[in-house]
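S.K.: Listed below, chain by chain, are the residues.
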Amino acid sequence: MTQTRSMLLNVGPSHPAMHGVIRLIMELDGEKIKDVEVEIGYLHRAFEKMCETVMYTQCFPYTDRLNYVSPLINNVGFALTVEKLLGIDIPERAKYIRVIMSEISRVTDHLTCIGASAMELGSMSVFLYMIKAREFLWELVEEITGARLTISYVRIGGVKADLTEGFVDKTFQKIAEVRKVLIEADELLTRNRIFFDRMKGLGKISREDAIAYGITGPFLRSTGVNYDVRKASPYLVYDKLDFEVPLGTQGDNLDRYFVRMAEMEQSLRIIEQCFQQIPDGPIAADLTGAVIPAAQMVDSAKMGQTEGLMEDEVSLDPTLQGGTKKYYDAINANRKDIVLPAKENTYGNIEGLMNHFKLVMYGHGIRPPVGEAYFPVEGANGELGFYIVSDGRDNPWRVRVHPPCFPIMAALPKCLIGEMMADLVPTFGSVNMIAGELDR
Amino acid sequence: MLTPLQRIQEKFPADIIETHAFRGDETVVIRAAGLKAVAGFLKETPEMDFNFLMDLTAVDYLFFAGGRIQKEFRFEVVYHFFSLKHNHRIRLKVPVDDKAPEVDTLTDLWPSANWYEREVWDMYGIKFKGHPNLKRILMYEEFQGHALRKDYPYNKRQPLIGPTY
Numbered sequence: 005m006t007q008t009r010s011m012l013l014n015v016g017p018s019h020p021a022m023h024g025v026i027r028l029i030m031e032l033d034g035e036k037i038k039d040v041e042v043e044i045g046y047l048h049r050a051f052e053k054m055c056e057t058v059m060y061t062q063c064f065p066y067t068d069r070l071n072y073v074s075p076l077i078n079n080v081g082f083a084l085t086v087e088k089l090l091g092i093d094i095p096e097r098a099k100y101i102r103v104i105m106s107e108i109s110r111v112t113d114h115l116t117c118i119g120a121s122a123m124e125l126g127s128m129s130v131f132l133y134m135i136k137a138r139e140f141l142w143e144l145v146e147e148i149t150g151a152r153l154t155i156s157y158v159r160i161g162g163v164k165a166d167l168t169e170g171f172v173d174k175t176f177q178k179i180a181e182v183r184k185v186l187i188e189a190d191e192l193l194t195r196n197r198i199f200f201d202r203m204k205g206l207g208k209i210s211r212e213d214a215i216a217y218g219i220t221g222p223f224l225r226s227t228g229v230n231y232d233v234r235k236a237s238p239y240l241v242y243d244k245l246d247f248e249v250p251l252g253t254q255g256d257n258l259d260r261y262f263v264r265m266a267e268m269e270q271s272l273r274i275i276e277q278c279f280q281q282i283p284d285g286p287i288a289a290d291l292t293g294a295v296i297p298a299a300q301m302v303d304s305a306k307m308g309q310t311e312g313l314m315e316d317e318v319s320l321d322p323t324l325q326g327g328t329k330k331y332y333d334a335i336n337a338n339r340k341d342i343v344l345p346a347k348e349n350t351y352g353n354i355e356g357l358m359n360h361f362k363l364v365m366y367g368h369g370i371r372p373p374v375g376e377a378y379f380p381v382e383g384a385n386g387e388l389g390f391y392i393v394s395d396g397r398d399n400p401w402r403v404r405v406h407p408p409c410f411p412i413m414a415a416l417p418k419c420l421i422g423e424m425m426a427d428l429v430p431t432f433g434s435v436n437m438i439a440g441e442l443d444r
Numbered sequence: 026m027l028t029p030l031q032r033i034q035e036k037f038p039a040d041i042i043e044t045h046a047f048r049g050d051e052t053v054v055i056r057a058a059g060l061k062a063v064a065g066f067l068k069e070t071p072e073m074d075f076n077f078l079m080d081l082t083a084v085d086y087l088f089f090a091g092g093r094i095q096k097e098f099r100f101e102v103v104y105h106f107f108s109l110k111h112n113h114r115i116r117l118k119v120p121v122d123d124k125a126p127e128v129d130t131l132t133d134l135w136p137s138a139n140w141y142e143r144e145v146w147d148m149y150g151i152k153f154k155g156h157p158n159l160k161r162i163l164m165y166e167e168f169q170g171h172a173l174r175k176d177y178p179y180n181k182r183q184p185l186i187g188p189t190y
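Heads up: the protein sequence lines correspond to chains A and B, in order.
Using the working numbering, read the first sequence as starting at 5 and increasing by one per residue.
Using the working numbering, read the second sequence as starting at 26 and increasing by one per residue.
Any given hint could be a false lead.
As the list claims (entries may be wrong) - Restraint-style ranges between C-beta atoms, simulated for each label pair:
#, chain 1, residue 1, chain 2, residue 2, range
1, A, Ile29, B, Gln31, 40 to 50 Å
2, B, Thr70, A, Glu355, 50 to 60 Å
3, B, Arg161, A, Leu13, 21 to 31 Å
4, A, Ile29, B, Phe98, 51 to 61 Å
5, B, Asn158, A, Phe200, 33 to 43 Å
6, A, Glu355, B, Phe98, 21 to 31 Å
Said to hold, decoys possible - Partial chain A-side listing against chain B, Cβ under 8 Å, derived:
#, residue
7, Phe51
8, Glu52
9, Met54
10, Met59
11, Lys208
12, Ser210
13, Arg211
14, Ala216
15, Ala377
16, Val393
17, Gly396
18, Asp398
19, Asn399
20, Trp401
21, Ala414
22, Pro417
Hints are computed from structural coordinates only; laboratory data are not their basis.
Where a beta carbon is used, it is the ideal one built from N, C-alpha and C, also for glycine.
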């Protein structure tokens, strides 16, 4: 007499396809998946708890580490929520810069996702091409923010630095390069029999299930639901930009691939339009003096040699460039109780120095009124929402992130049950799990 | 056209504790007993049609604003709903007691509540009556206490994750 029973298999957390942070406890019948339990939390770093212990501005480095493939979008989301809580608006140029940086990040995120899932299916060359394209874009990010990954670029009430000179031309060059890579990858993957067969019809989720599980982003749009935060409730300047929301029909791995590929093209279009519409930046109004090192300005100010100091400009460390007086007004809201003063004022006169200290000292800082606000932005994976409760003091009472990955991981068993064990790899790749935002 | 907030006010006057629309976010604070009915109303009524439970979390108001602002209940469970069809949102808040914190589960109405409720249980120790699988999600089973409660020190260590001192 033969006996059959199902097998229990642990996949992860130390499994390359699980990125080292997810554990799947699977019940197998032969090679078929009968049941899956998803275990998360391996990358929990207490983001929400830590935010409660620091001031509003100090939360930005933590937000960098949520979705670490597109950290700029997290920065923007957090800043917009605090600005909503404060009830302030930011200059037009800063809005465009935020949009440009968000869209660059969205492309890098999609490139990473598609590249990695192609690699997991054996297509190493596509992965390398896409990482090359991502490198082009990260060079742009590096030029503006001074960092590649943990950028902490956005500020409450504005951004840290203005766009550099020649940035527009550079961006157009890089966009052309990225487009080339996209065409190349499209040729290599879309008509590739191996890729096609392993993606089509697998990891399927119905429209109803996707909505019931609260899934958003490319995952939801691959099932044909037209929901994009940038269209549904436009923030920043998205209402002035012309772009389409690519939709799928089947909700399978292949559709998710197509949606992401099409979205990258739309993001590149948005960046191009932004450069046409963006208002002019630096105004060299009263800056007729010399450019002197910051330390020299501090010394002269200390010794009372303040004549002509107001017209001087300081040269700063590369990580602070682009935030001096010349650029300051175009990228920061005109609110002394929220935005740090331009560096010339901090170094050169007592009012600026006091203003600076009032914003960085514990117990002073930015103080939104008592209240709460939720603000959603379109992250690379879907709706990224911040819910912040303020008690009127300088550190947030509660910071909650709605990570787009979380509902996707909750619905993962829906995609996997009934399929083959080997199909776990492409499905898991195409859902684009980012543990940083999933586990926080 | 009535807003979702006005419709709830009209239909459930007895369950509402307070409402506000700070910075445009329509918010209803309701009694825990009325949660199921209000949530069902939000989902089933065609004019509301809240098919997304976007977010579910909790807030601990222990010593809120350094003790200057007194809240009647220590916790609040916060729900963010979104309607795809009407493109509107609403926030529901349910105050929960400190002694035996418990509210009804919404997993039968929105499957997405399943993991969110597990996270709230994990981080705040608020139970969800009728939840099919209420266990910790981000922390491990042996973890003592609930990390996001305000009386849990942020630098506390536990045996499995570091030295105890």
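S.K.: Flag every earlier hint the structure violates by its number, smallest first.
M.R.: Hint check: 4, 6, 7, 10, 11, 12, 13, 18, 19, 22 fail, others pass.
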